[in-house]
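S.K.: Each chain is listed here by its residues.
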Amino acid sequence: MIKASDAPLLEVRDLKVHFPFRRGSLFRPEHGFIRAVDGVSFSLREGETLGLVGESGCGKSTTARAVLNLIPPTFGEVCLEGEPIAGLSDTAMLPHRQTMQMIFQDPFASLNPRMTVGRIVGEPLKIFRPGMDREGRAVEVMRLLDMVGLNPRFLNRYPHEFSGGQRQRIGIARALAVGPKLIFCDEPVSALDVSIQAQIVNLLEDLQTQLKLAYVFIAHDLSLVRHISDMVGVMYLGRIVEIAPADELYRNPRHPYTKALLSAVPVADPQIERTRQRIVLTGDVPSPDRVYPGCPFADRCPQVRDECRKSPPKLEGIAGTADVHQAACFFARD
Amino acid sequence: MHKPLLQVEDLRVEFHTDDGVVRAVDGVSFNVAAGETLGIAGESGSGKSVTNLAILGLLPRPPARIVGGRAMFDGRDLLTLSQPELRRIRGRRVAMIFQDPMTSLNPLLTVAEQLTEMTRLHLGHTPRQALDHAVTMLEKVGIPAAGRRVHDYPHQFSGGMRQRVMIAMALSCKPDLLIADEPTTALDVTIQAQILELIRDLQRDEGTAVVLITHDLGVMANLCRRVAVMYAGRIVEESSVDELYSRPHHPYTLGLLRSRPRLSGGDGRLRPIDGQPPDLSRLPSGCAFHPRCPFVVDRCRVERPALLPTPFEGRAACFVSKEVAAAAEVELD
Numbered sequence: 001m002i003k004a005s006d007a008p009l010l011e012v013r014d015l016k017v018h019f020p021f022r023r024g025s026l027f028r029p030e031h032g033f034i035r036a037v038d039g040v041s042f043s044l045r046e047g048e049t050l051g052l053v054g055e056s057g058c059g060k061s062t063t064a065r066a067v068l069n070l071i072p073p074t075f076g077e078v079c080l081e082g083e084p085i086a087g088l089s090d091t092a093m094l095p096h097r098q099t100m101q102m103i104f105q106d107p108f109a110s111l112n113p114r115m116t117v118g119r120i121v122g123e124p125l126k127i128f129r130p131g132m133d134r135e136g137r138a139v140e141v142m143r144l145l146d147m148v149g150l151n152p153r154f155l156n157r158y159p160h161e162f163s164g165g166q167r168q169r170i171g172i173a174r175a176l177a178v179g180p181k182l183i184f185c186d187e188p189v190s191a192l193d194v195s196i197q198a199q200i201v202n203l204l205e206d207l208q209t210q211l212k213l214a215y216v217f218i219a220h221d222l223s224l225v226r227h228i229s230d231m232v233g234v235m236y237l238g239r240i241v242e243i244a245p246a247d248e249l250y251r252n253p254r255h256p257y258t259k260a261l262l263s264a265v266p267v268a269d270p271q272i273e274r275t276r277q278r279i280v281l282t283g284d285v286p287s288p289d290r291v292y293p294g295c296p297f298a299d300r301c302p303q304v305r306d307e308c309r310k311s312p313p314k315l316e317g318i319a320g321t322a323d324v325h326q327a328a329c330f331f332a333r334d
Numbered sequence: 001m002h003k004p005l006l007q008v009e010d011l012r013v014e015f016h017t018d019d020g021v022v023r024a025v026d027g028v029s030f031n032v033a034a035g036e037t038l039g040i041a042g043e044s045g046s047g048k049s050v051t052n053l054a055i056l057g058l059l060p061r062p063p064a065r066i067v068g069g070r071a072m073f074d075g076r077d078l079l080t081l082s083q084p085e086l087r088r089i090r091g092r093r094v095a096m097i098f099q100d101p102m103t104s105l106n107p108l109l110t111v112a113e114q115l116t117e118m119t120r121l122h123l124g125h126t127p128r129q130a131l132d133h134a135v136t137m138l139e140k141v142g143i144p145a146a147g148r149r150v151h152d153y154p155h156q157f158s159g160g161m162r163q164r165v166m167i168a169m170a171l172s173c174k175p176d177l178l179i180a181d182e183p184t185t186a187l188d189v190t191i192q193a194q195i196l197e198l199i200r201d202l203q204r205d206e207g208t209a210v211v212l213i214t215h216d217l218g219v220m221a222n223l224c225r226r227v228a229v230m231y232a233g234r235i236v237e238e239s240s241v242d243e244l245y246s247r248p249h250h251p252y253t254l255g256l257l258r259s260r261p262r263l264s265g266g267d268g269r270l271r272p273i274d275g276q277p278p279d280l281s282r283l284p285s286g287c288a289f290h291p292r293c294p295f296v297v298d299r300c301r302v303e304r305p306a307l308l309p310t311p312f313e314g315r316a317a318c319f320v321s322k323e324v325a326a327a328a329e330v331e332l333d
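The listed protein sequences correspond, in order, to chains A and B. According to my numbering, numbering within the first sequence proceeds without interruption in unit steps and concludes at 334. According to my numbering, numbering within the second sequence proceeds without interruption in unit steps and concludes at 333.
No lab work stands behind these hints: they were computed from the structure. Some hints here could point you the wrong way.
[Claimed, not checked] In the DMTMM-like style, the derived pairs of lysine to aspartate or glutamate whose C-alpha atoms are separated by at most 25 angstroms in a straight line are: (1) A:Lys212 - B:Asp267; (2) A:Lys212 - A:Glu81; (3) A:Lys259 - B:Glu85; (4) A:Lys16 - A:Asp299; (5) B:Lys140 - A:Glu81.
Required output: the full structure, derived from the provided sequences and hints.
M.R.: Here it is in structure tokens:
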């Protein structure tokens with residue numbers, strides 16, 4: 001028997017999200033599926049951070065939304081604290097929302113402009129702490145605002161009175177209100193100015209230490225993801241093509257896509273930039289509406305061989321890493 | 001040094017808003033020589049985009065007002081030219097690319113229609129010549145099957161391909177100067193790498209001067225030889241790219257450089273710049289950066305530092321730039 005403390009906080013197995021589409025003319029319609037997420041598996045322990053990176057359209061945000069049941073998964077299992085939650089109804093999902101929360105990229109769009117900060121942060125308390133009276137809520141909201149580094153006296157202000165960084169703090173306070181164990185952070189700093197990004201990253205790290213939070217941190221900024229994550233998964237066309245502990249992945253990438261992605265990141269050091277060998281991929285990210293008989297990266301891969309086009313490589317452990325480093329490439333060992 | 005192609009002197013732009021007068025650009029001067037790449041870095045509201053829109057006569061007036069300065073291009077002050085005169089220069093001699101290619105392309109016209117308009121107008125091409133030229137340009141920027149795709153509409157291209165179309169359009173009249181405002185910000189990193197390489201190749205082959213406006217210090221390090229950093233409407237530091245990244249003389253530049261985690265890892269806790277970017281309608285007294293500055297001294301609160309030469313062929317607007325540079329040498333090692 002597994003002891004409760006050994007069980008991962010979140011376990012995702014073979015998650016798929018397929019969106020049906022119809023195109024073509026009325027008389028000759030063409031049906032198919034956009035395979036936005038196509039077999040994603042990972043697990044996460046208390047207090048741990050999993051970074052998900054990949055280019056737009058790779059399915060990282062859809063993965064988060066499907067785990068949270070904001071989009072019903074087409075297939076696969078999601079277990080939160082050992083309980084299966086994939087496909088639960090909104091009502092059945094409600095108690096689990098206390099465990100899992102989300103913060104969004106755009107702090108302008110994710111806060112209701114007609115609500116005061118007090119109401120925005122207090123709203124989740126109304127639902128999850130029905131016994132709490134108005135005053136108790138106000139006290140709790142002020143505690144939360146203080147925790148995210150906002151002046152508690154700002155309670156009655158509206159979102160437009162805050163800067164982007166402060167608004168993101170409000171979003172974090174709202175997520176914390178229900179006392180979650182896991183927060184999905186979807187590009188939480190990419191809309192912010194460079195000088196403000198580090199403030200929010202430090203806040204997230206402090207909160208993690210204080211509250212033993214686990215994060216799924218979704219971002220396209222690879223330097224930032226390395227900084228904040230324990231494990232990093234690289235996604236391509238709805239799949240995790242490589243996953244490993246952060247330092248291991250960046251030091252020793254095995255999948256050609258990870259290598260290309262890392263080499264494409266511009267580094268703020270002109271001397272390194274001048275001498276760096278860059279793998280420039282040709283072409284665009286292919287469309288997720290096609291079914292690929294082989295490796296989905298084959299068309300852009302600089303190391304492609306014949307067998308890559310025949311059958312898809314599985315995500316498998318790299319020898320000598322006790323399977324903590326996994327890659328989906330036939331030649332990951334080379 | 002070459003004779004400057006573009007010489008901006010003491011440019012001042014104000015906006016009249018409900019909150020009062022906002023000084024978006026406050027005495028900005030810089031030169032760009034033929035074939036050179038100048039990077040301008042800064043955060044939102046620093047005035048980097050307004051500077052370049054003002055030079056190109058693209059600011060809506062009102063609410064904007066150019067209250068001072070000159071922008072000499074090839075012996076003429078762009079700020080005093082009439083719109084018809086500017087139109088003869090824009091696109092022909094000076095071209096622009098913007099962050100979002102979807103909003104800069106007309107969705108109702110095919111790429112061919114948009115690309116040929118420029119060369120027919122500026123170079124007097126016949127429709128046939130213009131179309132051939134458009135296809136050549138699309139091939140040059142790496143669009144596959146250019147002969148067929150030239151008749152597609154913008155929405156039929158991906159984001160990276162649209163930015164290539166923009167670049168093809170910008171370069172189709174062989175301009176002397178290309179102003180690129182966040183050209184890769186909306187793109188994924190692998191596509192960004194392609195576009196940066198494309199800009200570098202075109203610059204090498206055609207000798208175009210480039211002004212690259214970006215908030216990304218990595219992109220700037222990749223493409224530029226000389227760089228300027230703007231804060232609250234002013235240039236606070238300018239130098240060669242190597243100097244700026246290894247020995248910045250302004251605390252804001254140093255703050256930007258050390259607040260970013262490195263791709264190579266090994267950073268401890270990140271070191272943000274404290275506070276918020278300033279509200280331009282209520283700028284702090286003295287140096288606009290002083291409320292956020294870890295090096296602040298009394299003088300910074302009352303007097304505004306001028307942009308003065310550093311011992312390393314750069315310029316910095318800071319009273320304690322020597323201390324900053326010394327600290328930077330230790331920290332950025």
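S.K.: Next step is simple, just say for each hint if it's right about the structure.
M.R.: Verification of the supplied hints:
no. : hint                : verdict
1   : A:Lys212 - B:Asp267 : holds (21 angstroms)
2   : A:Lys212 - A:Glu81  : holds (15 angstroms)
3   : A:Lys259 - B:Glu85  : violated (49 angstroms)
4   : A:Lys16 - A:Asp299  : holds (23 angstroms)
5   : B:Lys140 - A:Glu81  : violated (55 angstroms)
Going down the numbered hints, you'll see the structure goes against 3 and 5, while the others check out.
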